[in-house]
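Asks: Sequence:
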Amino acid sequence: MIEETVEVVGIEGGQVVVRSARTSACAQCHASASCGQKSVAEWASSKWVDVPVINPDQKAVRIGDKVVVGIEEGRFVLASALVYLMPLVLMMAFALTGFTVGLDEAGLIGLSMAGLLVGFVINRVLNQRESTSAHQYQPVLLRVYQAK
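Under my numbering, think of the first position of the sequence shown as 4, with each following residue one higher.
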C-alpha cells in the first residue's frame, strides 16, 4: 500500500477532500539544482493538489485534520504500465511488422505512429470500460493521523 499523510480540506457526502503537496522526481535527482526542467515544472504547476478520497469506514474527520490515505500498489503499477508501456510496445510491434514485410522508412514511421495511436485508443477504451469501477484507483482514507 502506498501511503501519504495529508490534510483534510473538505467533506462531500461519503468522500473526504484532502490537500497533498505535489511532488516530482526532481526532489530526488542529483542534478535538480542545475536542471532547467525542474524550474519549468515549478513555474508551470501548483504546489498543492486537492484529491477526493473514499472514506469506507466513515471515520469521523474534520477540516484541518491530518489523515493517512493510501492506494493499493499493485493497481497503481498496473495503471502506470497500461498508460505508458502499452502504446510503446504496440508502436515497436507495428514497426517490427513493417520492417518484416519490407516497408521503406516512410512506411515504417507511419506504421509506428499507427501502433502508438492504437495503444492510445486501447487505453481510452479500457479507461471508459473501467470508469464504472474507477473507485479502485481512488485513494482510500486509512486512519486519522492527528486531529486538529
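Hints listed in this document are in silico derivations from the structure and should not be mistaken for laboratory results. It cannot be assumed that every hint is accurate.
To be verified - Pairwise CB distance ranges, derived in the manner of DEER restraints:
| hint | residue 1 | residue 2 | range |
| --- | --- | --- | --- |
| 1 | 66 | 100 | 36 to 46 Å |
| 2 | 20 | 75 | 39 to 49 Å |
| 3 | 106 | 78 | 16 to 26 Å |
| 4 | 6 | 116 | 36 to 46 Å |
| 5 | 106 | 8 | 52 to 62 Å |
| 6 | 141 | 109 | 36 to 46 Å |
Because the structure is a prediction, the values reported are computed rather than measured. Cβ coordinates follow ideal geometry from the N, Cα and C atoms, glycine included.
Asks: Confirm or reject each hint.
Replies: Outcome of the hint check:
1. Distance hint check: the CB atoms of residue 66 and residue 100 are about 56 Å apart, inconsistent with the given range 36 to 46 Å.
2. The supplied range of 39 to 49 Å is broken by residue 20 and residue 75, whose beta-carbon atoms lie about 21 Å from each other.
3. For the pair residue 106 and residue 78, the supplied restraint of 16 to 26 Å is violated, since their beta-carbon distance comes to about 38 Å.
4. Checking the proposed 36 to 46 Å range against residue 6 and residue 116 shows it holds: the Cβ atoms sit about 40 Å from each other.
5. For the pair residue 106 and residue 8, the supplied restraint of 52 to 62 Å holds, since their beta-carbon distance comes to about 53 Å.
6. Distance hint check: the CB atoms of residue 141 and residue 109 are about 44 Å apart, consistent with the given range 36 to 46 Å.
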